[in-house]
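Asker: Okay, here's what each chain looks like letter by letter:
Number of protein chains: 4
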Amino acid sequence: MPINKGGTASLSSFKGREAFYIEGGIIMTEVAVLGATGYTGFELVRLLDGHPQAEAVFLSSESHAGLKISDIHPQLHERTDLTLNKMRIKDIPKTVELVFCALPHGQSAEVVSALLENGVRVVDLSADYRLKQAALYKEWYGLDHPYPSLLEESVYGLPELNKEQIATAQLAANPGCYPTSIILALAPLLNAKMVSAGSLIIDSKSGVSGAGRTPKQPFHFPECTENFKAYRVASHQHTPEIEQELGRLAGQDMKVTFTPHLVPMIRGILSTIYLEPAALKTEAEYIDLLSSFYAECKFVRVLDTPVLPETRLVRGSNYCDLALKLDQRTGRLIIISAIDNLIKGAAGQALQNMNIMLGLDEDSGLGQVPY
Amino acid sequence: MPINKGGTASLSSFKGREAFYIEGGIIMTEVAVLGATGYTGFELVRLLDGHPQAEAVFLSSESHAGLKISDIHPQLHERTDLTLNKMRIKDIPKTVELVFCALPHGQSAEVVSALLENGVRVVDLSADYRLKQAALYKEWYGLDHPYPSLLEESVYGLPELNKEQIATAQLAANPGCYPTSIILALAPLLNAKMVSAGSLIIDSKSGVSGAGRTPKQPFHFPECTENFKAYRVASHQHTPEIEQELGRLAGQDMKVTFTPHLVPMIRGILSTIYLEPAALKTEAEYIDLLSSFYAECKFVRVLDTPVLPETRLVRGSNYCDLALKLDQRTGRLIIISAIDNLIKGAAGQALQNMNIMLGLDEDSGLGQVPY
Amino acid sequence: MPINKGGTASLSSFKGREAFYIEGGIIMTEVAVLGATGYTGFELVRLLDGHPQAEAVFLSSESHAGLKISDIHPQLHERTDLTLNKMRIKDIPKTVELVFCALPHGQSAEVVSALLENGVRVVDLSADYRLKQAALYKEWYGLDHPYPSLLEESVYGLPELNKEQIATAQLAANPGCYPTSIILALAPLLNAKMVSAGSLIIDSKSGVSGAGRTPKQPFHFPECTENFKAYRVASHQHTPEIEQELGRLAGQDMKVTFTPHLVPMIRGILSTIYLEPAALKTEAEYIDLLSSFYAECKFVRVLDTPVLPETRLVRGSNYCDLALKLDQRTGRLIIISAIDNLIKGAAGQALQNMNIMLGLDEDSGLGQVPY
Amino acid sequence: MPINKGGTASLSSFKGREAFYIEGGIIMTEVAVLGATGYTGFELVRLLDGHPQAEAVFLSSESHAGLKISDIHPQLHERTDLTLNKMRIKDIPKTVELVFCALPHGQSAEVVSALLENGVRVVDLSADYRLKQAALYKEWYGLDHPYPSLLEESVYGLPELNKEQIATAQLAANPGCYPTSIILALAPLLNAKMVSAGSLIIDSKSGVSGAGRTPKQPFHFPECTENFKAYRVASHQHTPEIEQELGRLAGQDMKVTFTPHLVPMIRGILSTIYLEPAALKTEAEYIDLLSSFYAECKFVRVLDTPVLPETRLVRGSNYCDLALKLDQRTGRLIIISAIDNLIKGAAGQALQNMNIMLGLDEDSGLGQVPY
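First to last, the sequence lines map onto chains C, B, X and H.
Everything in the first sequence is counted per this note's numbering, starting at 7 for the first residue and increasing by one.
Everything in the second sequence is counted per this note's numbering, starting at 7 for the first residue and increasing by one.
Everything in the third sequence is counted per this note's numbering, starting at 7 for the first residue and increasing by one.
Everything in the fourth sequence is counted per this note's numbering, starting at 7 for the first residue and increasing by one.
Warning: the hint list may mix true and false statements.
Put simply, identical chains are the same to the list, so a pair is met inside one copy or across any two.
[Claimed, not checked] Computed cross-link-like contacts, SDA-like style, restricted to lysine to any residue with a CA-CA straight-line distance of at most 20 Å:
(1) K144 with S76
(2) K222 with V161
(3) K74 with M34
(4) K261 with P283
(5) K74 with D55
(6) K222 with I78
(7) K138 with P312
(8) K144 with D55
(9) K222 with G257
(10) K222 with S69
(11) K169 with Q334
(12) K92 with A140
(13) K74 with P224
(14) K169 with T288
(15) K100 with E123
(16) K304 with N168
(17) K100 with Q139
What the hints contain is simulated information worked out from the structure, not anything from laboratory work.
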C-alpha cells in the first residue's frame, strides 16, 4: 500500500467519461503505465506512488510479464504488489482514465491509436507523436508513420508553453529530454524575436540513464565511467523535434547544430546554447526577459548570476534551471539549462501533463526538492 | 513557499506545552534545525519541506549566518526564504516545539542542555547523548562530558527498538549511521540469544557524504573516486555505541571488531556482519526470525533470497534492507544490511523520531520510494 | 609499431625449443594472446606493447575474428595492426614460444592441453588449471575436468611463493584476482603457523572490470555507479582456490568464509581479512614478520602504519600493498591488501610469470608507478 | 631505485653547459621538478621514473618540505627516496640540466627568471610565460608581469607546431590543458586559411584533476560526482592564450567564445569546436587535411569516422585524438579533440618538450598505451 496517499478532492471528466475512485473522501484517478520496467516507466511508478490523487493500477512489460514489478525493481519491495502484464489493450481496466505510454518509438504509435479510439486519454512518452510532419518522422526514425492524421491531433506536452491545449487534449506527446532542456532555454528570446536565425549551436550533455535500461557496451560501467564523449554528432534524432518547436516559437524555419554528449553520471542534462542576439540589450535585460517569461511557472527557475545551473541542483526534481551570459568580447549569448532527464525530461513532465489534463494542481505529486 | 504541505490534523503536547500553528485547518508543528548547512542539516530541511505536519521556521549556521540557506544549497532556490542565524537559544522562536540539533559532537552537548532547560524537545543528531557512560565518551571522543546526568535521561532514538520511550522522551539521541545499519541487522538474533558472544565481526562500507561537507584531501574528487579503502581500523568512534546497544539487546557485554571503509559513492551504507550462531537452525528459520521481529516495522524490509541488499535499493528512502545467509561450510551466519546513511542513518530517522514524539504517523513525510 | 621496444639481450630455451627473433641485436620472444579482446586480454596486449623483450604476434578472438584489435580497443590505434584470429592452434606461428590463454573457464582446458602437446609453454589466466582436485573443479565450476592428469603438472603461478617451480614449468596457472589479494596477505602468518585454523573471515571488494567485458544488467552504468553490494555470498567460485593455497601454506585443511563485494570503480581489489592469531605477539612483531617474508619481493609493499592500503595507490601497477592491525580490544588481527585486479590480479602477474619462465628480469615491462 | 631505467646513449649540450651522468654506459640527464606534490608535479615524477634517459634528482614543495614525496604520494613508496625541499635556487644541484617548473602562476615568473640567469633550461608549466603581451597577462591573471622582456624569449611549447624553436629554446612555456586540446584541433584548418574569422565557438569539458590538488567545495566528492556544470563562462583565463596561438596560425586576430565545463571524472579533456568553414570542401577532404598536417606527429591521431574521440581512449597517454564532422544541414564544421589533461595537457607534453630540447627521441618515456 502506498504510504503517501492523501490530498484534497478533484474531479476530472473528458468527453463524458468520468472515471474516478474514492478513498477516504479523496478522488483518486486510476492510471496505467505501459512499458513500466524501463527507467522512465519505473520513474512514473515511483512518482505516482507519491501522488495524492492518482494511482497506477495497471502496468505492462513485454519482457517481464507475469513477474511483479518489485521483482525487477526491488526498490518497490513492500510498496506495491502490482504484476506486469502483456500489453493487451482489452486488459487495461475500464476504470483507467489516463494511460502513460513509455514504450519504444515505433511501438507506441499503434498502441496510442488504439487507446485513443477507446476514448482513453494518453500521455505518450515516446517520440511517435511529437513531430507534426510524417516525412520528418520517416527521415529521422526510419519508419513510415502508421497514423499521420493523429500527428495533428496530438498536443506537444511542454506545459510551460502549451498549458491550455494540454488541458483539453486527448493525446499529449511528452517532449524528449534534450528538447525540453533546449526549448525552455530559448522560448523567451525566440518569442521576443531576439535570436538571429541560423546562429543556434546547441551543445548538450546527458547522464547515462537517458540511454535506457538495456545493457550495451558503451554503457558498461568500466567503459562508461571515467569517460566523456560526443555521439550522433549533427545527426541525433531529437534535432527535428527541437527545430519544429523552436520554429513555431520564432515564427520561421529554424536550423540548429546539435551535439549530444555522454556524461558519466546517472541523471541530468545540461545544455549550453550559443546564439547571436538579434537585439542590443544588456545581460541584465536578457535575464529580466527570461524571468518575466517564466514568472508564473513553478518549475522553471531563472538563476541570478553568479550562480550557474548544475545538474545536481535539479536532481530528483521537476525543475528546469536557467542562466544567461552575454559574452562581451564576441557579442554572443550563452544560455545554460539544467534538468533531471528522468523527471522534467520524462516522467515528471508526464505527470505535470497529467495534472493539467485532469484539472489537478500542476505541481501535485511533483514537490520534490532536488537532492 | 513549500509546495507539498497538506495532510490531516494532529495535536501534540508535551508537559503542558502546546505549540502549533494552523494552516488551512491543519496543525503544523514548528521546528528548528541547528547546523542546517551540513549534509544532515540540509537533508532535514529538504525532508521537512515535504512533511505535511511540520515546518522548519528557524535555521542556524555559525559559518554562514546572515545568508539564506538557498545561497549555500541552491537546490532550495524558490523553495524557502529562510535565513541562517547564529545559534543563540533566545533567538529560537517560542512557537518552536522541537529542535533538531545537527551540530558537531562536543558542541551539541551544551546547546541541548540549554534547550532542555527551556522545555523544548530535542532530537540530537550528534554523538553527545548516545553513550550512557561518560567514561566511554571521554575515551572515544576525547572530551569530558559536561552533562553526564543527562546521559541517562536521553533515549536512544532507534524507533524499531525503543518506540515507546521515544514517544515520551524530551531528548532523543539519534543513532549514528553505522550503528543504525548494524543494530537493526543484529537485534532479532541478539534478542533471541542466538549470537555467540565474542564472535561478532562487522565490515561496513559507507558513501562519502558520511564524512561531512567540509572539503578534505581524502574526499577531494580525484583522490576519492576510483578508490576504495579502509579507515580507522579497529578504532572508529562508533564502536562503543554499537557495543552498548548490542550489549543491551544481548543482556551481556559485547565486544566487536569493526572496520569501516569508504566507497566512492555519495550515499549509502552496507554492513556485512559475521557471527557464530548460538543455536542450530536452518537459514530459513533465521530469516523467519528476522521477518517476524520486524513484522510491524514499515521501514525494515527483510529480503527473500536470492535478492541481496544493495545501497541503491534504499537510496533516498528511510528503509533498512536486510538479508541473511548461512555459510554451510563454516557454520557462520552472514547478515547484510543496507541503508541510506543520510536518511535512515541520520535525517530520516530523526524525522521518524519526531513523528513518534509528536504523535504523528511514524512514516509521515517519509514515504519516498528509493530512486 | 610499438614505440617502446628495446632492452638488453636474453635467451630462453625450454626443452630444446629455442624461439626468438632479433631486433637491433635484442632478442625478442614472440608470444600469443588467446582471448585478446576481454579486459584481461587487452591488458596483456597493452603491457606487452611496453615490454622490451617480448612481443605479441598472434591474437585470437572468437567473436571479433577478422577485425583488427584496434577496431575493438581503439586505444591501440596506430600502435598495432594485429588482426584477431579464430582460435585454431595450427594458425599460431611456430615461432611463438609462450601463449597467454585468457579464455573463459571451461574453454581453456581443451586449448591448453593441445598447446602443451605442441611443446609450447602456457600461462593460463582461466581457472581451469588452478585447482589440484578435479572433484573441486566439478563442485564449484559445474564441469567435469577433461584433463585431470594435467592438474598436477600445472604450477600455481603466484611468483612470490612459487618462483622456482614457475621458472621451469610448462604450464603456469595464473591465480585468480581475489586469491592473489588474499594469499599474499596471509602467506607470512600461515607459513609461520600463526593463524588459528577455522578463524579466517575474508571480506573482499572488487572493481567492476573483474566482472568482464560483456554488458550485463548489474554492470549497466546507471545501476552500477552510486551502488555497493555483496554477491555470491559464501558461494564464490574462488573459495576452493583460496582454501587450497592457504591449506598448502598452513600444512593443514583450511576453511574460510569469503564474501565478495562490488565497488563502483573500474579497477582494484581490497581484501579485509580477519583472523585469530595462534601466537601472542605485538602488532610491530607481526608487521616485521610480513616485511621479512617479502624482503626480496619487488611487488609486495608492506606499509608502515598509519598508512593503509588504498586501491588507487596500486592502480595501474603490479604492486600488492599490505598492512596489518591488531585489534587490541578483541585480540583479532586484521590484514588489509590492495591490488589492481587487472594487473597483479591478472595480466601483470601473467607477465611476471612469463618473465620468470623466460629467464628475464622478474619486473621487466612491469615498472609502472601507480597512477 | 627506479626499476625501468635503461636505453641508448644521448648527449645534450646547451650553450656550453654539459651536464650528464653515466649509468651502465647510458647518459642520464638530471632534472628538477619544482612544485612536485601537485597533480602535475607528481605526474612529472611518475613519468620521469619510466624515462630511460632522464632522472629527477631534486624536488621542491613549499608546504611539505622535509617530507619524502612518497609520504605525500604513497604510490611512490619503494620507488624513490627523494625528499621535498624548499624552493631555493642555490639548493638545486649544479648537475641539473633542465628544470620543470610546476608552480602556481604568479610564483613561477620570478623563479623561472632566476633559473634562466643561472643558465639552466626550463620547461615552465605555469601560465606565466605563455602570453606574449604583458597587458593580456595583467588583464586575465590580475598581475603585473615582473619580466615582460622574457615573454619574447620564451617559446610556446606545443611540439607539433613549434618543434624547431623548442629544440634550441632555453625556456619552453608548456601550453595550458584546454589550449592544447583546442589549438591542435584547429591548427590544420587555420593554417590552410579555412576558418571563417569570428565563427569559433569552443565548448570544452574537463576532468576534475585540472582543478588541482587543493580540496575545495566544488570538488568535494559528494558535490562533484553525479554532477555536470559549466564554469567561468566566457571568462576563463585560458582564453587569451587560445586566441594568441590561433591568431598566429590564422595570421589575423581571432576572438573565440570559450565555455569550460567540469566532468565527474579524474582525467581527460574533450573539446567540441564549432566553426564556419571559409572553403567548400567535403568532410573527407577536411579529414585528409588533418591527417596530412599531422602525418609526422606520433602523438596526434586523426580518427576515421565513425569512431569518435573519447577521453578514455587517450587516458594515461600522450595522445591527442581528433575527429571532424561536417554538419550537412547547417554547413558548420564540428571538430572534436580528446587528451589526457595531465599528460598531453601538462606533464607528458612537458616531457615531450624536454626530449626535444635535449635531442632525445620525441617519444622517449612517453610510450604508454592508453588504459
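Asker: Give the relationship of K169 and T288 under a CA distance limit of 20 Å: within one copy only, between copies only, both, or neither.
Answerer: The answer is neither: 30 Å in one copy and 45 Å across copies each exceed 20 Å.
Asker: For K222 vs S69, is the C-alpha pair at or below 20 Å within one copy, between two copies, both, or neither?
Answerer: both (17 Å within a copy, 16 Å between copies)
Asker: First find the shortest C-alpha distance between K304 and N168 inside one copy, then the shortest across copies, and answer within, between, both or neither for a cut-off of 20 Å.
Answerer: Answer is within: at 15 Å inside a copy they meet the 20 Å cutoff, but 41 Å across does not.
Asker: Checking an output row: K261 and P283, CA cutoff 20 Å. Within, between, both or neither?
Answerer: Both: 16 Å inside a copy, 17 Å across copies.
Asker: Quick one: K169 to Q334, C-alpha cut-off 20 Å, is that within a copy, between copies, both, or neither?
Answerer: Classified as neither; 36 Å inside a copy, 35 Å across copies.
Asker: Using 20 Å as the alpha carbon limit, work out where K92 and A140 are close: within a copy, between copies, both or neither.
Answerer: Answer is neither: 29 Å inside a copy and 46 Å across each miss the 20 Å cutoff.
Asker: At most 20 Å between C-alpha atoms: does K100 with Q139 qualify within a copy, between copies, both, or neither?
Answerer: Result: close neither inside a copy nor across copies, 33 Å intra and 63 Å inter.
Asker: Between K222 and V161, at a C-alpha cutoff of 20 Å, which is it: within one copy, between copies, both, or neither?
Answerer: neither (33 Å within a copy, 38 Å between copies)
Asker: Check K144 against S76 for me: Cα-Cα at most 20 Å, and say if that holds within a copy, between copies, both or neither.
Answerer: Neither: 37 Å inside a chain and 35 Å across chains, both beyond 20 Å.
Asker: Go through the copies and call it for K144 and D55: within, between, both or neither, with a Cα cutoff of 20 Å.
Answerer: Neither way: K144 and D55 sit 37 Å apart in one copy and 46 Å across, limit 20 Å.
Asker: Cα distance capped at 20 Å. Does K74 pair with M34 within a copy, between copies, both, or neither?
Answerer: neither (23 Å within a copy, 38 Å between copies)
Asker: If the cutoff is 20 Å on CA atoms, where do K74 and D55 land: within, between, both or neither? Let me know, please.
Answerer: within (16 Å within a copy, 32 Å between copies)
The structure shown violates the earlier hints numbered 1, 2, 3, 7, 8, 9, 11, 12, 14 and 17.
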